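Enquirer: Line order of the protein sequences matches chains L and H. The numbering of the first sequence is numbering that gives the first Met the number 0, which starts it at 0 and goes up by one. The numbering of the second sequence is numbering that gives the first Met the number 0, which starts it at 0 and goes up by one.
Since the hints were derived computationally from the structure, they do not count as laboratory data. There's no promise every hint is true.
[Stated by the list, open to error] Just some of the chain H residues that point at chain L, by a computed CB distance under 8 Å:
hint : residue
1    : Lys235
2    : Met301
3    : Ala305
[Said to hold, decoys possible] Derived pair list, reagent style DSS-like, types lysine-lysine, alpha-carbon separation capped at 27 Å:
hint : chain 1 : residue 1 : chain 2 : residue 2
4    : H       : Lys235    : L       : Lys143
5    : H       : Lys129    : L       : Lys143
6    : H       : Lys235    : H       : Lys129
7    : L       : Lys143    : L       : Lys58
8    : L       : Lys170    : L       : Lys143
9    : L       : Lys58     : H       : Lys129
[What the hints assert, rightly or not] Calculated from the model, a selection of chain L residues having no Cβ within reach of chain H, i.e. all distances over 10 Å:
hint : residue
10   : Ser83
11   : Val104
12   : Gly214
13   : Leu237
This structure is a prediction, so every number in the text was calculated from the model and none was measured. For glycine and all other residues, C-beta sits at the position ideal for the given N, C-alpha and C.
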Amino acid sequence: MSALVEISDLHVRFVGERTVHAINGVDLTLNAGETLGLLGESGSGKSVTLRALLRLLPKRRTVISGSIRVLDQDVLALDGEALSRFRGRTVSMIFQEPALALDPVYSIGSQIAETVMRHEGCSRAAADQRALEMLNVVRIPSAKSRLAAYPHELSGGMRQRAMIALALSCKPKILLADEPTTALDATVQIQILLLLRELQREFGMSVIFVTHDIGVAVEISDRLAVMYGGQIVEQGALRDIIRAPSHPYTRGLLGSNAHAAPKGQRLETIPGAPPVLDAVPRACPFAARCAVVEQRCNLQPPPVVEIADGRLTRCFLAAGQDASAMN
Amino acid sequence: MFAYILRRLAYAIPIVLSVALLCFLLVHMTPGDPLVAVLPADASQELAQQLRVAYGFDRPLPVQFGLWLWRVLHGDLGASIATGRPVAAEVAHAVANTVMLAFAAALIGFTLGLALGLIAGYFRGTWVDKLATSVAIAGVSVPHYWLGMVLVIIFSVELNWLPAVGAGAGGSGQWAWDWAHVRYLILPAVTTSVIPMGIITRNVRALTGDILSQDFVEALYAKGMRQSQVFRHVVKNAAPTALAVMGLQLGYMLGGSILIETVFSWPGSGLLLNSAIFQRDLPLLQGTILVLAIFFVALNLMVDVAQALIDPRIRRA
Ligand SMILES: Nc1ncnc2c1ncn2[C@@H]1O[C@H](COP(=O)(O)OP(=O)(O)O)[C@@H](O)[C@H]1O
Ligand code: SF4
Ligand SMILES: [Mg+2]
């Protein structure tokens with residue numbers, strides 16, 4: 000397995016009226032052909048991580064450091080034409096609210112076609128043809144007539160399918176999905192998840208799927224990364240994490256029987272509030288809510304520990320007395 | 000879309016009719032005898048009665064309205080009480096002058112307003128934005144008759160580049176699109192353009208900022224669109240609202256500004272309306288208001304249709 004995406008020691012800070020340390024040292028890898036679930040409660044930095052990967056954060060108000068490599072390209076060094084070629088072609092993205100992410104005054108077909116023309120330089124007719132194919136790929140019924148439809152004329156589920164068609168129209172290697180089913184009804188949500196699963200195999204893509212819904216994460220992920228306070232607190236194969244969560248936060252999330260976790264269950268089940276992000280954490284950000292907190296947790300940040308092959312945890316308890324700590 | 004246009008047309012007809020009725024009635028409900036203006040102070044009762052019959056003021060109101068409307072539909076707006084000339088010709092002449100002035104001012108004001116508004120919206124919070132916003136505020140707050148006089152002092156009196164007053168040699172009756180005539184248009188057009196320029200700058204700035212903060216703009220960048228391609232989306236999204244603002248401003252300008260037309264002696268509908276009011280010239284007043292109102296309704300209709308062409312969501316409303 001080779002890594003398509005390698006994020007290391009990523010820090011993102013928003014400056015302006017108030018400073019927000021949104022991402023505080025994220026290390027994340029995405030392997031070829033896998034779906035990585037990025038799970039965390041609201042405000043934990045999931046969207047910011049995806050936006051950093053596509054360099055969508057507002058330039059003037061954002062300070063980024065660390066490194067992001069995608070297919071051996073240094074993403075943070077991309078600029079101008081190279082950057083916009085990278086977006087949509089190498090990596091593309093689908094959003095939580097397709098109703099807002101599509102331009103209301105252009106038809107679905109023309110929005111897909113313009114993407115194809117942009118990246119493949121083909122004629123309008125060829126691009127329209129591709130748009131039609133893509134609507135069929137995402138199984139929008141009577142695709143031909145839907146090409147001319149405007150976003151407001153479609154249902155929520157159909158809009159998200161159209162958004163997926165758009166995102167996949169240039170056969171990207173990597174798809175970023177930012178809570179794409181959160182705004183949908185439960186039944187539609189399952190259909191979209193199944194569709195994404197199928198398309199991931201069909202297109203041979205790798206997917207980073209962001210969600211705050213444990214049930215959805217379990218459904219879609221091969222590997223799971225749990226985010227808290229702008230850090231990845233636990234990362235590993237989905238099955239291993241579910242069988243034996245090692246970080247106290249993950250344990251709290253999953254409870255004793257994760258397989259029975261109902262869909263739609265929010266993560267706000269652990270008492271306490273998410274951490275304030277106005278400074279770089281100088282202790283464990285989870286300390287205030289941790290059931291097994293120790294004195295040292297409040298004195299310095301815990302190390303990242305590889306507890307098994309490919310399983311990382313950011314906690315003193317996992318480090319034990321003299322386990323090898325990576326930082 | 001065609002059905003939408005028909006529907007809007009159907010809405011417009013009763014509006015035009017009500018406007019006609021309203022301006023007919025308003026004139027008849029004002030106190031005082033409309034004949035006072037044309038009668039000599041020592042006119043006899045018989046003469047007054049004669050004129051009253053001649054102008055039809057002795058008939059019942061509904062009949063007067065019916066007859067008036069019938070004539071209006073045939074392009075006959077009656078004769079001016081003050082001058083005796085046909086109202087239709089007077090109004091056509093004045094409205095043509097004002098339309099010309101309004102379109103020239105729109106060309107200047109709308110172009111500048113759109114450009115400044117888009118730039119300010121795109122570069123929100125920077126010095127470019129502050130500069131454009133200051134220009135806009137100055138535009139709406141400077142009294143324009145004062146600005147008109149300042150421009151006259153600079154460009155006519157001091158520099159002697161442009162004429163101060165009038166609508167060209169031989170009056171505006173012989174207007175032609177050559178420099179000899181257009182130079183008369185420049186100062187009044189610039190003066191007229193300042194307020195719409197400011198209003199459009201402010202509106203378009205707010206609109207652009209609003210659109211740029213919407214999710215779909217980020218999604219456009221996320222799919223690899225170039226800056227210029229995103230700009231096209233922004234403009235198309237801003238267009239319906241911007242058109243509505245511009246339509247309204249053009250409507251105001253078509254009414255003619257009494258102040259500006261007075262400062263520049265521009266023989267437009269503002270001046271005509273003014274003299275019709277002061278001379279209690281009822282047929283002239285009715286005719287002018289009616290024509291201007293129809294212009295306004297037609298303009299609104301065109302804006303509605305243009306908006307619906309651009310934004311499919313409007314067609315359903
Ligand atoms: N453009 C921005 N400017 C300032 N703060 C931001 C911005 N975007 C996100 N944040 C902050 O960064 C933190 C992480 O946000 P986000 O990644 O959107 O969380 P989520 O995990 O819910 O997607 C939040 O505290 C949020 O308020
Ligand atoms: S480091 Fe300490 S506070 Fe943080 S999760 Fe581990 S035990 Fe809890
Ligand atoms: Mg989010």
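Enquirer: Now, for every hint given, state plainly whether the structure supports it.
Expert: Verification of the supplied hints:
{"no.": "1", "hint": "Lys235", "in the structure": "5 Å, holds"}
{"no.": "2", "hint": "Met301", "in the structure": "19 Å, violated"}
{"no.": "3", "hint": "Ala305", "in the structure": "13 Å, violated"}
{"no.": "4", "hint": "H/Lys235 to L/Lys143", "in the structure": "25 Å, holds"}
{"no.": "5", "hint": "H/Lys129 to L/Lys143", "in the structure": "48 Å, violated"}
{"no.": "6", "hint": "H/Lys235 to H/Lys129", "in the structure": "25 Å, holds"}
{"no.": "7", "hint": "L/Lys143 to L/Lys58", "in the structure": "40 Å, violated"}
{"no.": "8", "hint": "L/Lys170 to L/Lys143", "in the structure": "21 Å, holds"}
{"no.": "9", "hint": "L/Lys58 to H/Lys129", "in the structure": "20 Å, holds"}
{"no.": "10", "hint": "Ser83", "in the structure": "5 Å, violated"}
{"no.": "11", "hint": "Val104", "in the structure": "5 Å, violated"}
{"no.": "12", "hint": "Gly214", "in the structure": "25 Å, holds"}
{"no.": "13", "hint": "Leu237", "in the structure": "27 Å, holds"}
The structure does not agree with the numbered hints 2, 3, 5, 7, 10, 11 stated previously, though it agrees with the rest.
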